[in-house]
Amino acid sequence: MADMAVHPAHPPGFKHQFEDMEQQRDADSLGMWVFLVTEVMFFGGLFATYIIYRALYLPAFETGSRLLNVKFGAVNTAVLIGSSLTMALAIHAAQAGKKKSEQVMYLVLTMILGAVFLFLKFAFEWRADYNEHLVPGFHFIIRPEWGAAGPHVPMFFCFYFFMTGLHALHMIIGFGILSTLTVMAHRGRFNSEYYAPLEVSGLYWHFVDIVWIFLFPLLYLIGGRFAMPGVH
Amino acid sequence: MSAHVVAVKTYLGIFIALLVLTGLTTGAAFIDFGDLHTGIPLLRVIPLNTVVALAIAVVKMLLVILFFMHVKYSSGLTKIVVMAGFLFLAILVSFTLADELTRGWSPEAGAWNTALPTILPLLHGLF
Amino acid sequence: MIMGLMQTGLMNMAAAVAAIPIRPTAASSIAEGVDHLYFFLTAITLFFTALIFSTIFFFMVKFRRRSADEQPADTKTHLALELSWTIIPTLITVVIFVWSSSLYFENSRPPEASTEIFVVGKQWMWHIQHPEGPREINELHVPVNAPVKITMTSEDVIHDFYIPAFRVKKDAIPGRYTSLWFQATKIGTYHLFCAQYCGADHAEMIGWVYVMSPTDYAAWLSGGARNESMAQTGERLFTQLGCVTCHVADNTGRGPSLVGLYGKQEKLRNGDMRLVDEALIRQAIVTPNSIILPNYPPIMPTFQGQINEEQVLQLIAYVKSLGTEERKTNGK
Amino acid sequence: MSTTVIPELPGQEIPAESRVNYLNASYGVKSWLLTTDHKRIALLYLGSITLMFFVGGFFAVLMRLHLIEPQGALVAPETYNKLFTMHGVIMVFFFLVPSIPATLGNFLVPMMIGARDLAFPRLNLLSWYIYVIGACFTLYAVISGGVDTGWTFYTPYSSTFSHTSVVPTALGVFITGFSSILTGLNFVVTIHKMRAPGLTWFRLPLFIWAMYATSIIFILGTPVIAITIFLLGLERLLHIGIFDPAIGGDPILFQHMFWFYSHPAVYIMILPGMGVMSELITCFSRKRIFGYTFVAFSSLAIAIISFLVWGHHMFVTGQSIYAGLIFSVLSFLVAIPSAVKVFNWTATLYKGSISYDAPMLYALGFIGLFTMGGLTGLFLASLATDVHLNGTYFIVAHFHYIMVGGAVMAYLGGIHFWWPKITGRMYPDGWARFAALVIFVGFNLTFFPQFVLGYLGMPRRYAVYPGEFQVLNVMSSAGASILGIGYLIPLIYLLWSIRYGPIAGPNPWGAKGLEWETPSPPPTENFEEIPLVTEDAYNYANVGGSRG
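Protein chains in written order, with the numbering used here: chain H, 7 to 238; chain Y, 248 to 374; chain B, 114 to 445; chain P, 445 to 992.
Any given hint could be a false lead.
Unchecked claim - Quick list of in silico lysine to any residue cross-link-like pairs, SDA-like style, CA-CA up to 20 angstroms:
no.	chain 1	residue 1	chain 2	residue 2
1	P	795	B	178
2	B	189	P	770
3	Y	256	H	178
4	B	235	B	352
5	H	104	Y	302
6	H	127	H	178
7	H	105	Y	345
8	H	104	Y	344
9	H	105	Y	253
Unchecked claim - So the derived label-pair ranges between C-beta atoms look like this:
no.	chain 1	residue 1	chain 2	residue 2	range
10	P	577	B	417	37 to 43 angstroms
11	B	376	P	589	38 to 44 angstroms
12	Y	266	H	107	25 to 31 angstroms
13	P	645	B	138	30 to 36 angstroms
14	B	418	Y	263	40 to 46 angstroms
15	H	147	B	248	38 to 44 angstroms
16	P	473	H	147	55 to 61 angstroms
17	H	107	P	741	31 to 37 angstroms
18	P	645	B	170	33 to 39 angstroms
19	B	197	H	181	57 to 63 angstroms
20	H	233	P	744	47 to 53 angstroms
21	P	911	B	170	37 to 43 angstroms
Don't read these hints as lab results, they were simulated from the structure.
Glycine included, each C-beta is placed from N, C-alpha and C at the ideal position.
All chains, full assembly: derive it from the sequences and hints.
Structure, rendered in structure tokens:
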């Protein structure tokens with residue numbers, strides 16, 4: 007671009023509309039935070055709906071909740087927290103001026119942990135739900151043992167699939183971002199002066215983690231699990 | 248503004264704390280804490296299991312936000328932006344609930360039946 | 114000739130303009146009160162609009178630019194002025210709020226002795242049932258000078274029951290009961306509108322409200338093909354649907370007896386206290402298992418889809434008639 | 445390409461064609477469709493929203509023609525229902541919401557704060573593409589038979605009962621929401637991080653404060669409408685029962701979620717207009733704004749309080765009196781900052797040097813109409829009168845006074861004010877003043893009778909109506925035809941001026957503000973050198989300014 011030529015002295019990654027790297031980094035970081043606020047409101051709208059329907063149909067939501075596999079939920083929580091840690095370490099590696107191989111390693115680890123999460127989610131949990139006829143719209147079967155709560159259990163599963171699905175979609179978008187970052191890190195683009203893309207993507211990845219931190223108790227835990235015969 | 252570099256030790260500490268909290272919250276789900284009975288309308292029965300689970304989730308969130316996301320070391324502006332998000336979410340949820348949960352309450356029957364008639368005549372007295 | 118045509122045209126127009134009504138008929142006990150508030154608000158609107166318009170106009174003329182290089186003096190800040198035009202409007206809105214809220218509070222409390230009429234909105238008509246039995250469509254007959262409480266719901270989408278002359282309006286919402294009340298003060302015929310957009314023939318979902326003298330109303334109620342009362346229809350349904358096999362009056366059935374239940378506070382199995390009102394009875398019929406009583410097994414089947422909203426109202430009328438026998442004899 | 449700017453000699457006008465500016469810096473379709481220049485993106489938006497405005501306006505004209513006769517003069521009721529729905533959807537989501545922010549805001553925010561561009565130019569371009577995709581879905585819905593739910597999409601009618609193209613329309617609205625979010629995000633970051641040296645918050649033009657407040661609403665409100673519309677679409681496609689009472693859903697919840705965004709959205713439409721007002725009033729009275737801090741903070745107050753009042757749309761839905769009281773008192777509260785602004789603008793005129801240029805006429809029209817629109821809002825915040833007026837033509841009149849009398853007047857005023865900056869050309873001032881007058885008269889004739897109609901009890905969205913309402917409806921329709929012509933006049937002379945208008949200098953109005961210190965049209969980089977700001981906004985008393 008012609009306008010880039012005006013500031014030939016600036017480091018790579020610098021965009022012409024800014025005065026200096028610091029202003030650019032500040033703007034990138036603030037931009038991501040503002041975006042995360044919109045994400046809070048986006049997921050928040052869904053959470054608000056969930057809260058209201060849970061209050062309306064408590065027995066159905068508790069029944070549904072107890073049908074989820076808490077082991078997968080807990081393991082996945084740990085996996086996702088682990089991926090947050092590796093993400094933070096990847097940024098740290100760039101900040102502290104470590105070798106690019108270390109940055110790449112942590113980024114790849116982050117992606118692997120994210121993949122484990124999605125693998126457990128899709129290949130085990132969702133498939134089991136499908137086999138047990140718990141996916142609304144796909145031969146959902148209301149079981150007699152749910153009794154009174156039965157008719158509204160599908161609504162719980164609607165929320166379950168929306169919320170975890172939307173979360174998974176965010177993770178998949180995260181993969182796209184992480185792969186780009188890995189390539190950039192491999193090319194040695196990041197150093198202790200310039201690591202804003204890493205930092206900003208890290209914020210996003212941690213946010214996705216936080217969403218799960220709330221989804222886990224809301225969906226898996228607060229359904230009166232203690233009252234279940236034959237605990238998982 | 249040169250960004251604050253958090254020590255790897257801190258990251259590892261937070262990670263372990265988060266894992267412990269995950270274990271705690273999972274375990275707590277299998278213990279019956281019972282209900283808290285309050286006399287307050289709208290909040291007559293508070294299931295303590297829900298309170299515990301959400302409280303732990305909030306602590307975990309704070310750890311992630313403050314340390315992994317560096318908000319502890321960030322500018323006031325970032326802190327305000329983060330808080331604004333949660334404040335407006337709280338407005339959405341609380342005002343919606345304020346209507347949804349009081350819908351059945353008519354002026355001649357309802358939990359606030361005793362409180363409001365004492366307030367309104369006072370206001371009315373202004374005229 | 115053209116001039117003549119224009120003249121008649123203008124005169125017609127003037128006549129038409131003069132014939133424009135500016136105030137709807139006020140035919141209920143609350144209409145005057147609402148109108149007074151409306152006039153007050155109109156006065157405030159006119160006052161401030163006139164104030165702003167005339168001030169601007171005055172400034173525009175007085176301080177118009179006289180030469181291209183005119184240089185007015187710098188603006189001075191004026192804290193007292195700022196505070197006064199923040200505080201004075203605030204006080205005015207407080208006055209309006211208190212006035213309108215107390216009016217609303219009074220208007221939303223139906224008198225004890227109200228006659229109840231039940232309304233079901235359905236694309237695109239109003240089904241109206243009187244407890245005494247008569248049913249009508251898009252017509253509502255009510256006595257003058259007697260409080261009437263309308264309880265309504267909808268069979269499909271959200272409708273809105275609106276009688277402009279009475280200054281009352283309320284949404285009819287599927288799955289919920291809402292209510293409004295009025296006391297007509299003038300014998301006459303008034304518009305009944307649907308004020309919430311409800312589909313293709315929304316604009317045709319209109320009807321008439323006939324306010325009649327008590328004697329005419331009594332004659333209307335008893336006239337024509339004499340129907341059974343809502344409670345009687347409800348009782349018939351109660352037997353037809355088999356409710357009677359479990360809900361036995363002497364409490365020996367598999368379900369609770371419904372005698373004397375209406376208006377009582379019932380404790381549910383989860384400890385909640387619930388008032389047995391129209392909404393709760395409807396809930397019990399439509400989603401029975403959402404309200405389980407401590408001493409009864411949750412075996413009642415749902416009747417959702419088997420009976421329509423009007424029939425639900427008839428069943429409710431029957432249950433009410435079981436519970437309020439003594440009050441009814443006292444009251445009427 | 446060279447970015448050298450030919451130095452301007454004092455007192456000598458250089459023809460726009462001979463100087464490199466953002467319009468002639470590069471040519472060809474690609475140079476526009478792939479541009480990241482905020483000024484060009486503003487023009488892309490200007491073109492798209494003007495198209496949408498006339499599409500929406502066309503539906504409005506058809507509606508008013510139809511209502512000349514009580515039994516309906518033109519179309520079947522089903523078609524009428526589609527007309528008002530498509531008018532509402534297009535005007536609200538595709539014209540009013542992006543109107544000032546995406547055109548004037550995009551053009552002016554970087555220039556007013558002395559920046560070369562917005563913080564994220566590529567996101568800015570993306571936001572325009574998202575808008576266009578959303579608009580395409582909605583226009584597809586229009587062509588494929590239309591949609592008849594009303595712009596409010598109330599459930600369960602929209603989710604279960606309507607047989608029209610609800611999903612494409614909803615998808616269009618959903619997608620367009622993200623363009624608003626990106627615009628808001630860009631503005632917030634730009635205003636926070638990219639102000640020129642010396643340009644402190646309290647030296648900012650009030651237009652920037654208004655844009656900032658608007659962006660807050662974009663960011664906090666739009667995601668909620670997005671998820672709501674998303675759920676509506678899912679409900680419609682899969683019948684999962686979230687909003688359908690027949691399967692246990694709660695139709696009222698949709699209204700909560702909808703108005704959580706859509707009430708603040710009203711302020712998305714009017715706040716930018718208020719910002720434009722502060723610029724016009726000061727310039728054409730050559731005065732510093734009266735009570736800068738009050739006007740600035742009232743924008744923020746409006747943005748925040750606007751999120752607390754949505755329940756006043758639901759007073760007659762069976763809301764308890766307790767919730768009603770809370771929403772009512774907060775609704776009154778939001779009226780105060782608006783009143784403060786009107787008083788301050790009026791006071792700014794005092795002892796000024798007032799000229800009657802066309803933008804000023806629009807501005808004065810705005811103040812008058814907005815005052816009426818705002819005050820009639822009190823009728824609807826007040827519980828007892830709202831019961832009678834809710835759902836009638838009174839509502840229609842009220843929000844058109846705000847959105848058309850307010851937002852569109854301000855938009856036109858702003859377009860006329862900055863037109864010479866945007867194009868480098870002047871339009872014929874006489875025609876512009878004439879158009880302002882026609883619009884003012886036409887507007888009042890259209891919408892004033894509707895206040896009366898509403899009080900008389902005529903419900904809105906009626907394809908046919910009782911005969912006694914005819915005279916007022918005919919008056920309103922007559923006004924609408926005048927209004928329609930009024931909107932066509934500026935379209936014609938503004939387009940004419942692009943080619944034939946006299947060359948405008950860098951600052952034809954003698955206005956203050958950084959945007960007037962660069963040539964018209966501005967160069968791609970806006971400023972040859974980032975300016976250093978040493979004075980407050982609207983320092984008209986300082987003859988000549990501190991910087992020549």
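Structure-based check of each hint:
{"no.": "1", "hint": "P:795 - B:178", "in the structure": "holds (10 angstroms)"}
{"no.": "2", "hint": "B:189 - P:770", "in the structure": "violated (38 angstroms)"}
{"no.": "3", "hint": "Y:256 - H:178", "in the structure": "violated (29 angstroms)"}
{"no.": "4", "hint": "B:235 - B:352", "in the structure": "violated (26 angstroms)"}
{"no.": "5", "hint": "H:104 - Y:302", "in the structure": "violated (37 angstroms)"}
{"no.": "6", "hint": "H:127 - H:178", "in the structure": "holds (13 angstroms)"}
{"no.": "7", "hint": "H:105 - Y:345", "in the structure": "violated (55 angstroms)"}
{"no.": "8", "hint": "H:104 - Y:344", "in the structure": "violated (51 angstroms)"}
{"no.": "9", "hint": "H:105 - Y:253", "in the structure": "holds (18 angstroms)"}
{"no.": "10", "hint": "P:577 - B:417: 37 to 43 angstroms", "in the structure": "holds (41 angstroms)"}
{"no.": "11", "hint": "B:376 - P:589: 38 to 44 angstroms", "in the structure": "violated (51 angstroms)"}
{"no.": "12", "hint": "Y:266 - H:107: 25 to 31 angstroms", "in the structure": "holds (27 angstroms)"}
{"no.": "13", "hint": "P:645 - B:138: 30 to 36 angstroms", "in the structure": "violated (55 angstroms)"}
{"no.": "14", "hint": "B:418 - Y:263: 40 to 46 angstroms", "in the structure": "violated (55 angstroms)"}
{"no.": "15", "hint": "H:147 - B:248: 38 to 44 angstroms", "in the structure": "holds (41 angstroms)"}
{"no.": "16", "hint": "P:473 - H:147: 55 to 61 angstroms", "in the structure": "holds (56 angstroms)"}
{"no.": "17", "hint": "H:107 - P:741: 31 to 37 angstroms", "in the structure": "violated (53 angstroms)"}
{"no.": "18", "hint": "P:645 - B:170: 33 to 39 angstroms", "in the structure": "holds (35 angstroms)"}
{"no.": "19", "hint": "B:197 - H:181: 57 to 63 angstroms", "in the structure": "holds (60 angstroms)"}
{"no.": "20", "hint": "H:233 - P:744: 47 to 53 angstroms", "in the structure": "holds (49 angstroms)"}
{"no.": "21", "hint": "P:911 - B:170: 37 to 43 angstroms", "in the structure": "holds (39 angstroms)"}
Of the numbered hints listed earlier, those contradicted by the structure are 2, 3, 4, 5, 7, 8, 11, 13, 14, 17.
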